[in-house]
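**Student:** Those protein sequences? They're chains A and B, same order as listed. Everything in the first sequence is counted per the numbering used here, starting at 282 for the first residue and increasing by one. Everything in the second sequence is counted per the numbering used here, starting at 34 for the first residue and increasing by one.
Among these hints, one or two may not hold up.
[As the list claims (entries may be wrong)] Ranges between beta-carbon positions, derived for each pair:
#, chain 1, residue 1, chain 2, residue 2, range
1, A, T431, B, D296, 50 to 58 Å
2, B, L336, A, L545, 38 to 46 Å
3, B, R204, A, S355, 50 to 58 Å
4, B, L335, A, R313, 38 to 46 Å
5, B, D296, A, Q315, 43 to 51 Å
6, A, K382, B, T212, 36 to 44 Å
7, B, W256, A, E481, 54 to 62 Å
[Claimed, not checked] Derived list of chain B stretches under chain A, where covered just means 3 residues or more per stretch with a C-beta under 8 Å from a C-beta of chain A:
#, segment
8, 288–295
9, 300–313
10, 335–345
[To be verified] Some chain A residues judged to face chain B by a derived CB distance under 10 Å, without partners named:
#, residue
11, V349
12, G350
13, L351
14, S355
15, A372
16, P378
17, I379
18, P381
19, T395
20, H397
21, L464
22, I510
23, V511
Treat the hints as calculated values from the structure; they're not laboratory data. Quick reminder that beta carbons are idealized off the backbone N, C-alpha and C, glycines included.
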Amino acid sequence: MSPVLTASTQGSESAIRSAPALSCRDVRVSFRDQEVVCGVNLELDTGQWLGIIGPNGAGKSTLLRSIVGLAYYSGAIALGDGRTPAAADVALVPQAPIMPKGMTVAEYVLLGRTAHLGWLARESRADREIASSVLNRLELTAFADRFVSTLSGGEAQQVVVARALAQQCPVLLLDEPTSALDLGHQVSVLELVDDLRRTEGLSVLAAMHDLSAAARFADRLILIDHGRIVAEGRPAAVLQPDLLSAVYGTPLTVQPIDGELVVLPEPRRRAKPPKEAP
Amino acid sequence: MADASLPTTALPDADAAHSAVRRAFGMSIGAAVVGVVVLVAVGLFSATSGAAGLPVKGVLGALFDWVPLIGVDSSLSTTQENILFEIRLPRLVLGMLVGGSLGVAGASYQGVFRNPLADPYLLGVSAGAGFGAVLALGFGLDLSWGPFDTVPAAAFAGALVAVLASMAIARGGGASPATLLLGGVAMAALFSAAQTYAIQQLNETRAREVLSWLFGQLNTTGWKQVGLLLPYVVVCGVVLFIHRRHLDVLRVGDDEARSLGLDPARSRLVVIVAASLLTAAAVSVSGLIAFVGLVVPHIVRLLISHSYRVIVPLSALVGATFLAFVDIGARTLLAPSELPVGVITAFVGAPFFAVVLWRDRWSTT
Chain A
282 MSPVLTASTQ GSESAIRSAP ALSCRDVRVS FRDQEVVCGV NLELDTGQWL
332 GIIGPNGAGK STLLRSIVGL AYYSGAIALG DGRTPAAADV ALVPQAPIMP
382 KGMTVAEYVL LGRTAHLGWL ARESRADREI ASSVLNRLEL TAFADRFVST
432 LSGGEAQQVV VARALAQQCP VLLLDEPTSA LDLGHQVSVL ELVDDLRRTE
482 GLSVLAAMHD LSAAARFADR LILIDHGRIV AEGRPAAVLQ PDLLSAVYGT
532 PLTVQPIDGE LVVLPEPRRR AKPPKEAP
Chain B
34 MADASLPTTA LPDADAAHSA VRRAFGMSIG AAVVGVVVLV AVGLFSATSG
84 AAGLPVKGVL GALFDWVPLI GVDSSLSTTQ ENILFEIRLP RLVLGMLVGG
134 SLGVAGASYQ GVFRNPLADP YLLGVSAGAG FGAVLALGFG LDLSWGPFDT
184 VPAAAFAGAL VAVLASMAIA RGGGASPATL LLGGVAMAAL FSAAQTYAIQ
234 QLNETRAREV LSWLFGQLNT TGWKQVGLLL PYVVVCGVVL FIHRRHLDVL
284 RVGDDEARSL GLDPARSRLV VIVAASLLTA AAVSVSGLIA FVGLVVPHIV
334 RLLISHSYRV IVPLSALVGA TFLAFVDIGA RTLLAPSELP VGVITAFVGA
384 PFFAVVLWRD RWSTT
């Protein structure tokens, strides 16, 4: 690798290493007879952005779902203090969130307070203030009375992030948060999360399809294939063309552009004989 | 709810965000006040109309006189006071309790099944409760246990069997809104047939009694039925009121609800049991009154909000008003003979159901 690449990816590595915010030990998930997550170990450090990459069906979503208790797993998933994560600890931004008919943005964000309610299930003044400060923080005030089912993809994704923030969890899980968005909204949602990570001290674990975005935003990457971790480390170390091409099953190149790594499908008709596909 | 034209660009504005959250949180106080006023007006109209006309002023005076520490000369004769307190008011209060119960039960079923067409009648719950009650009434079974009277207990058993069977059928058929209702239709048919069979085994007088009860009626004398129904209304009403927010969380689906910290299975079970018990109690005092549980939550949804925080409490209010109003017709349209109130609610409800079907086309709330 050229020295430019390693230098460019060093900036965001967090300097302090405290107890991990979340750790997985030998996590296994099976559906019927097939094991889809096969013994995954990972540690998410406090304040870190850990990206999970890998092809469709590699087990990324299943791993995230098991962390929030939506899939039966064996092994151990624990927070820094050893507890199993609950809804007040870990917030999930799902891949395809359901947008109920006739529910306003404000009502939707208030759902994030569910884990914090007493047994009378009534939001306190504090719950309402948290919801409105989140709306302000994400500049969604003008949308507060809109119905969530009428939002565009980018707006909806911001609202889902707002609901996750209202959960006030130290750990944020994102399941392919930008897969339905255009380029501009992809960047703005990821920048928003990155910004929140820095200002609110969140730890982020994100399954990501866009490898260039993963290189740009994640401190570390985990590459999963068929339920196993096949590579782990800084983006520059994980994003190796040969490895990616093998895992994704198509020729890929990794190119530095303005100091950032960009992963592209290999151009097949380039006039460079050594790179030509066989 | 969109009461102001919103700017197209997002501007951070703490007050606006806060008031939007308050609106989302709020119980629609204004709607509740209007609801109470309409309920009182309908109640007053009902108390004063009928074969023996009572003057509004006299009724109001008698009511105020009845309140402790207030003495008002009602100007009603003793006969008129008897009509008011022993005939009109018990029936009015019973109608309001039954209507409110069916409205709340319908709203709760619609919430837990994420299905705008769920309703105690359509799910077969009413038929199940009716079958239980027919057995208890017609054959004089004694199922009373502790504070629970025989008829509500038998009705509850039938109601629970029916709703669980509908759910089981729906699960087998893919748990879509359509399969749940088809399961309910099957249960309703089965239990109606069982009712008919049971009634055939009775002697003629008994059968006539049971049948006229089954049609859905609020024909009462004195306060006995009100006393029977009231404890169930209070307990189940409180449980369902507490769970109204859970119904909102369930709207985003079981998986998301769980990741938000709700236990969907537990919430669903509690709400189904409470709503079924409420339905059973209502059925045991008033027979089968169709479509109230379907129509009432829809009216609230159309007029006020899609949030169950609002739908559950306002369905109680609107249901009470609706049934009290409809019962005026049941008493007076064919006077001196009576029309079963269930017949009128079906006349109103069936076309409404058709319109909702046409508008929503099976979409879920």
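**Student:** All the hints need checking, so say for each whether the structure fits it.
**Tutor:** Do the hints match the structure? See the list:
1. A:T431 - B:D296: 50 to 58 Å: 30 Å, violated
2. B:L336 - A:L545: 38 to 46 Å: 55 Å, violated
3. B:R204 - A:S355: 50 to 58 Å: 27 Å, violated
4. B:L335 - A:R313: 38 to 46 Å: Given range 38 to 46 Å: holds, Cβ gap about 45 Å.
5. B:D296 - A:Q315: 43 to 51 Å: The hinted range 43 to 51 Å is violated for D296 (chain B) and Q315 (chain A), with Cβ atoms some 28 Å apart.
6. A:K382 - B:T212: 36 to 44 Å: Because 20 Å falls outside the window, the suggested range is violated.
7. B:W256 - A:E481: 54 to 62 Å: 59 Å, holds
8. 288–295: n = 8 at 8 Å, threshold three: holds.
9. 300–313: violated (count 0)
10. 335–345: holds (count 3)
11. V349: The hint holds - V349 (chain A) has a Cβ within 10 Å of chain B, the shortest such distance being about 5 Å.
12. G350: Constraint on G350 (chain A) satisfied, holds at 7 Å.
13. L351: 5 Å, holds
14. S355: 19 Å, violated
15. A372: Nearest chain B Cβ about 8 Å off; hint holds.
16. P378: 7 Å, holds
17. I379: This interface hint holds because 5 Å falls under the 10 Å limit.
18. P381: 4 Å, holds
19. T395: This interface hint holds because 4 Å falls under the 10 Å limit.
20. H397: 8 Å, holds
21. L464: Violated - the Cβ of L464 (chain A) stays beyond 10 Å from chain B, reaching only about 20 Å at its closest.
22. I510: Violated: closest Cβ of chain B sits about 24 Å from I510 (chain A), beyond 10 Å.
23. V511: Constraint on V511 (chain A) not satisfied, violated at 28 Å.
Hint compliance for this structure: hints 1, 2, 3, 5, 6, 9, 14, 21, 22, 23 are not met, and every other hint is.
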